[in-house]
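Residue-level listing of the chains:
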Amino acid sequence: MKLITAIIKPFKLDDVREALSEVGVQGMTVTEVKGFGRQKGHTELYRGAEYVVDFLPKVKIEAAIDDALQDQVIEAISKSANPGKVGDGKIFVTALEEAVRIRTGETGPGAV
Amino acid sequence: MKLITAIIKPFKLDDVREALSEVGVQGMTVTEVKGFGRQKGHTELYRGAEYVVDFLPKVKIEAAIDDALQDQVIEAISKSANPGKVGDGKIFVTALEEAVRIRTGETGPGAV
Amino acid sequence: MKLITAIIKPFKLDDVREALSEVGVQGMTVTEVKGFGRQKGHTELYRGAEYVVDFLPKVKIEAAIDDALQDQVIEAISKSANPGKVGDGKIFVTALEEAVRIRTGETGPGAV
Amino acid sequence: MEDLIQLSYAVDTFYFLVMGALVMFMAPGFAMLEAGMVRSKNTSEILTKNVALFAIACVMYLLVGYAIMYGGGGMLIGAENTVDEVLASGGDVYYSARSDFFFQVVFVATAMSIISGAVAERMKLWSFLLFAVVMTGFIYPTQGSWSWGGGFLSDAGFVDFAGSGIVHMCGAAAALAGVLLLGPRQGKYGPNGEVNAIQGSNMPLATLGMFILWFGWFGFNGGSELKLSNIDEANAVAQVFVNTNMAAAGGLIAALILARILFGKADLTMALNGALAGLVSITAEPLSGTNVESMLIGAVGGVIVVLSIVGLDKMRIDDPVGAISVHGTCGIWGLMAVLITSDDATLSGQLTGLGAILGFTFVAALVVWFVIKMIFGIRLSDEDQQVGADVAEIGIAAYPEFSK
Amino acid sequence: MEDLIQLSYAVDTFYFLVMGALVMFMAPGFAMLEAGMVRSKNTSEILTKNVALFAIACVMYLLVGYAIMYGGGGMLIGAENTVDEVLASGGDVYYSARSDFFFQVVFVATAMSIISGAVAERMKLWSFLLFAVVMTGFIYPTQGSWSWGGGFLSDAGFVDFAGSGIVHMCGAAAALAGVLLLGPRQGKYGPNGEVNAIQGSNMPLATLGMFILWFGWFGFNGGSELKLSNIDEANAVAQVFVNTNMAAAGGLIAALILARILFGKADLTMALNGALAGLVSITAEPLSGTNVESMLIGAVGGVIVVLSIVGLDKMRIDDPVGAISVHGTCGIWGLMAVLITSDDATLSGQLTGLGAILGFTFVAALVVWFVIKMIFGIRLSDEDQQVGADVAEIGIAAYPEFSK
Amino acid sequence: MEDLIQLSYAVDTFYFLVMGALVMFMAPGFAMLEAGMVRSKNTSEILTKNVALFAIACVMYLLVGYAIMYGGGGMLIGAENTVDEVLASGGDVYYSARSDFFFQVVFVATAMSIISGAVAERMKLWSFLLFAVVMTGFIYPTQGSWSWGGGFLSDAGFVDFAGSGIVHMCGAAAALAGVLLLGPRQGKYGPNGEVNAIQGSNMPLATLGMFILWFGWFGFNGGSELKLSNIDEANAVAQVFVNTNMAAAGGLIAALILARILFGKADLTMALNGALAGLVSITAEPLSGTNVESMLIGAVGGVIVVLSIVGLDKMRIDDPVGAISVHGTCGIWGLMAVLITSDDATLSGQLTGLGAILGFTFVAALVVWFVIKMIFGIRLSDEDQQVGADVAEIGIAAYPEFSK
Ligand SMILES: Nc1ncnc2c1ncn2[C@@H]1O[C@H](COP(=O)(O)OP(=O)(O)O)[C@@H](O)[C@H]1O
Ligand SMILES: Nc1ncnc2c1ncn2[C@@H]1O[C@H](COP(=O)(O)OP(=O)(O)O)[C@@H](O)[C@H]1O
Ligand SMILES: Nc1ncnc2c1ncn2[C@@H]1O[C@H](COP(=O)(O)OP(=O)(O)O)[C@@H](O)[C@H]1O
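Residue numbers (our numbering), protein chains in the order written: chain A, 1 to 112; chain B, 1 to 112; chain C, 1 to 112; chain D, 1 to 404; chain E, 1 to 404; chain F, 1 to 404.
If we strip away everything but chain A, and leave its shape as in the complex, we get:
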């Protein structure tokens, strides 16, 4: 199994969720994060004092999937999260050794 972690722009969340459902991902976990990257923040003035908004609001999606789905999932996210602008985000893939469904105790691919 793999754990796919995607960092995307917040307003793309619904699109990505639908794209993932379509390729058969049945569950995912979402976190509000702040991202720092090539998409430069901007400088604002607050009461005349400068501050740099270098952390921009992003959403992190984590989905545990079966190995077989990896390519499809990456493609689904890439397409749905992509307005082609800097800061669109990243996809990370890590190996998942085990998954457990707490309710049933099921393990392995059947649990995700």
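Hints are not guaranteed to be accurate.
To be verified - Quick list of in silico lysine-lysine cross-link-like pairs, PhoX-like style, CA-CA up to 25 Å:
no.	chain 1	residue 1	chain 2	residue 2
1	E	LYS188	B	LYS40
2	A	LYS85	A	LYS34
3	C	LYS40	C	LYS79
4	F	LYS314	F	LYS188
5	D	LYS188	B	LYS85
6	D	LYS314	D	LYS188
7	F	LYS188	C	LYS85
8	D	LYS188	B	LYS79
9	B	LYS34	A	LYS34
10	E	LYS227	F	LYS227
11	C	LYS85	C	LYS34
12	B	LYS85	B	LYS40
13	B	LYS34	B	LYS85
14	A	LYS40	F	LYS373
15	C	LYS79	C	LYS34
16	D	LYS227	F	LYS227
17	C	LYS34	A	LYS34
18	D	LYS188	C	LYS34
19	E	LYS373	E	LYS188
20	B	LYS34	A	LYS79
21	C	LYS79	F	LYS314
22	A	LYS79	A	LYS34
23	F	LYS188	A	LYS34
24	D	LYS227	E	LYS373
25	C	LYS85	B	LYS79
26	C	LYS34	B	LYS34
27	E	LYS188	E	LYS314
28	F	LYS188	F	LYS373
29	A	LYS79	A	LYS40
30	C	LYS40	D	LYS373
31	C	LYS34	A	LYS85
32	C	LYS85	C	LYS40
33	E	LYS188	A	LYS79
34	D	LYS227	D	LYS373
35	E	LYS188	A	LYS85
36	B	LYS34	E	LYS188
As the list claims (entries may be wrong) - If you want the footprint, here are the derived chain A segments under chain C, 3+ residues with CB under 8 Å:
no.	region
37	76–87
38	92–105
Calculated from the structure, these hints are not laboratory results.
For glycine and all other residues, C-beta sits at the position ideal for the given N, C-alpha and C.
Starting from the structure of chain A, add chains B, C, D, E and F with the ligands where the hints point.
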């Protein structure tokens, strides 16, 4: 070492934390997340317009542990987080290559 | 590639971000988390009733990096996040199998 | 001379309306206080209760309550005073009947607002609103008729200037009855006697609520002099303003210091409760005491409220906002404190009033809560409490984005 | 006798100033209501609009608006009444000219506040403020001169006591014109006719706003009697207070119950809109109806507002706070409801007024919005809407920490 | 005639009480403004300071302050006016002594509220409250006695109608003394002269606070005419209301536009400060100028406040809410602006007053702050500032759930 990630219902946090402490887990990190899964959300009306609450509030617990603890930890979480209802959550296990305690510079199992 | 996860004290975020930039880390993702560990929380009274603040506010930094950078990154974080007090935090390293830049479709080390 | 009567009448009516508007403004005071003291998952629901109970109180008191309380035999308010009547009375009829209704109706809402706080986070919305119908239409007016309506308590020499007992203790008694049938919030008390803290979610709102209540209380007590238009009356109203203010100040400081001593830190919520405790304490007699006496009576109220809140928790009586302590315990203290400053009051008179109002309201409310409990249920299920009353009853989160 | 005239003058002036201050306080009412009903990424911007429009309304109405509305030929307010003039008038001149200006100027701001809510979350800040200059300096005063300024609508027998039409419907008409040119918020309506819910971010603020408006409305309607200083007038003011209160209560309850029936849950935001709907509905005639009639007129308003909100959404007219329904649809209902309670009003008179105000304001506003749109643009780009108006226009997040 | 004197007395007393209640309501205005402008980790603490300082001001001014300021030789307020005294005076004694105290006491609290904002986020709670005891009991009343108490400044022809200097500049001077001894917040200024922005956590609260202050200011300035009950006085009060309103509007617009020009965006917090700057600027003379003059005086205040805030930051004087600029810099401007509109004022008189109040208050406050600093310390440790004053001093987070 392993990194155990558990996604549970928010009101189970205290129970799970205690169960983990009992099996010897000394540290953990908790994040507020939203989960999408088999536990279906519900449709609400706001001023007459429908909206789907498909992301439900969950809590994510991450604990780095020694390999030897893996089974005990999974069991502890499974038991304490389990009211036996859909949406109770998941446990994911990934391999942890290294851990460092910032304060002391300790690494490896001693650092977690 | 590696995924470096550091859990630090919130007010150290800017220092760590700078230290990471200096060693060449170009992107990172930050999450507000609560941590439980050796740094003991304290007991407060609210309207006469006790409650334990055992989860303390922390910040989690995740950075995907090239393998070559691992030691430098760990050192950078360790130095910049370290006032030498209990609760300074942890660094975890996991293997990253793949990384994709959504905007361009680039993969591998070039994408991080 | 007639012109002067006309103008006097206008001034007294205006005074009544302005004071009434201030009391009306206590409604958002209670709403903000309670919204700040509950968890955010129950905030939309407590807001809904507060807006709806105010509207229900207005409707029920118009339809039946006012007539029950002030006679008039039947429903609705009586006719407005005619110019001839007023002039013929030579000034004895000195304000508009409508202005009187307005001033009274906002008091009913206050009594009801007390209750919503005590039963917060676990009471079903519609059952609560049903209780509001009975409370504001019947229970409050019935006991109110005994004193302000010229009934047996006024004959017994019961002194309660602006309603420490008639409004505040009455509301608290009904709240207590509800809380006893309802039980504590899920998780408030542990199996081994632990009292678990459940923190309020928004301190600025709670503080705003307290300040609005303090502000509105000038209308509550200041308007209860009922007349303004000559030197003596104007002096009396001014004295009431100052005493009310001093009691709140005394209560706040006493509670803050006591909390610091008992708990080790400056518990803001206790300071807020302390100010309100001072206000309730002086409400039974804000006129006859000196300014310093009033300050001290308020300060004693501030001490009492802290002890009462801790004590009720020990007895596993769960009151998220401290309403029973502020309005009930301090309402009783207020009725007793009258004996210190007023020559008109007697111990027996005060005890009679206290007993009658407390006993009747508690029993009547208990019966009504019980009937509602049997028919519709009053308690949110544990599961509903877990997800929160907002999801369960309102469908709208108070801060939908924050917990995302 | 002269002393009595002096005192009467003082009392009526004071009454006017106090009522005006209450109306001024409606400004934070609107600001909080709107801040609570938009998403947090647009909250600083809506706050900025609300504070700035109030200031602009004051300036423009002082410089030109008041003179346009109440004659005086030219700019600025006329001279203050001298003591001799007042005494010579034998009481016909009975309040300070400055107090009249104060009371009127806060009405202008009210009309303008209505608009900011309807165009929220997608209208450019400075274009909006430019519109505010024209609206408060020219459009509102022009139509206001027709009735309250003694123009053709007052001759036509048009009855609008405190401004269901002149203030509320007028504001709503200008808002509607803006909304039509502006279009809905990005993502509000789906391609297949879906109406997407966009939740307000802060229910306590919205509730506070509603309560402040209710409180301020006592000044709005109560002050519109314009005189207090004799028995009849004082009775009238008291009646207006009670009727205003009952209409709000009726509207709130009706909307809450209807929302429960239609949507299955107790939609707090509809209850808030219901109270305001009741208030707008009674504003055209809060004096001549009985208290129960007023409650019912308000209740009908509460029903109308729920249906109107849902209906406008069906027509893809996006109004985040429901301002067009509350002030427009219920403003129309209020003008018609006058026919039920007042003998002075005629159907033709009411329709003339309604048509004239609605038609003129809508067209004038449409032209102004259009010109601004052509020159500066009025709509925030989709990208600006995504990041939010606060980032795009203000540079300061409303809650910078929460979304960290 | 006697009846008329009686009624006049009642009207003037009532006017005083209503205006005083409005000023009292400024307390939550300050509390919300400050709660909105600090970080959430310091919010419960600033709220606690605000509620406690208000209570302390009331107690200290009752016990000693009023007697120091208005003679009466000793402690406490003097006796109330008797009917005979009033009638014998033929109307020269025209309001209740208690109403005067009430109006004055809320001014003291205002002066003190100014300070809490300037020292926010780094001042120890109990040290601050100790200072409040001395400030409200002794420092403020001492300098107040020189002008309003009929002392040497009133002889010197110093004109300060409602207290641009006596209340606002006085509070700001004490705040400045505190800030100088206290130092800036940890991290506010970088080692290389950087001024780091530390954003306020809640803009709706800050906006609400500003609006409440604007509303309360009608009482602050309007009540300072001290008399209402004849045509001239009523006209004067009305003029004060309008001028106060126009100055706020002018200040807001000027600050908003200047911020737009200087910073590129419409800085909401500067607009809020601008309105308050306008209000402070007109407070020294809200009567004698025309409405347009008042608007312009306010507008200049709005410009000054923006420049002052930026300038103080350059000087590394850290003032999280801009209190020193709003009340101090604009207080000075207000005192000088009197010379433009009033014929009674002289440059020397104004400078004497300005120098005396500023000098005395600053030095006295400096000494008191210094003594407290030596004995108890005044600054929160860096570690306490990191975790926040709420954890360190109050034990209750303002929004415990949000940062979870
Ligand atoms: N090396 C990295 N490790 C972790 N997260 C990253 C990394 N680089 C980028 N991110 C995340 O992805 C987001 C987008 O990256 P950015 O460099 O701004 O644009 P792009 O993905 O288009 O190159 C960042 O805001 C950050 O949250
Ligand atoms: N494949 C997945 N990857 C990541 N998180 C998941 C996945 N499936 C479920 N989750 C998380 O676990 C939670 C519970 O899962 P759900 O399918 O609703 O119930 P159950 O665990 O009982 O099958 C979800 O809300 C989501 O946060
Ligand atoms: N085993 C662990 N797994 C995950 N997170 C941990 C673990 N141990 C500690 N942490 C995180 O690191 C933070 C600091 O750890 P703590 O034990 O308090 O101090 P120290 O790092 O100095 O030993 C904790 O608050 C928690 O967020």
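**OP:** Please write out, lowest number first, the hints stated earlier that are contradicted by the structure.
**Re:** Those not satisfied are hints 14, 21, 24, 25, 30, 31, 34.
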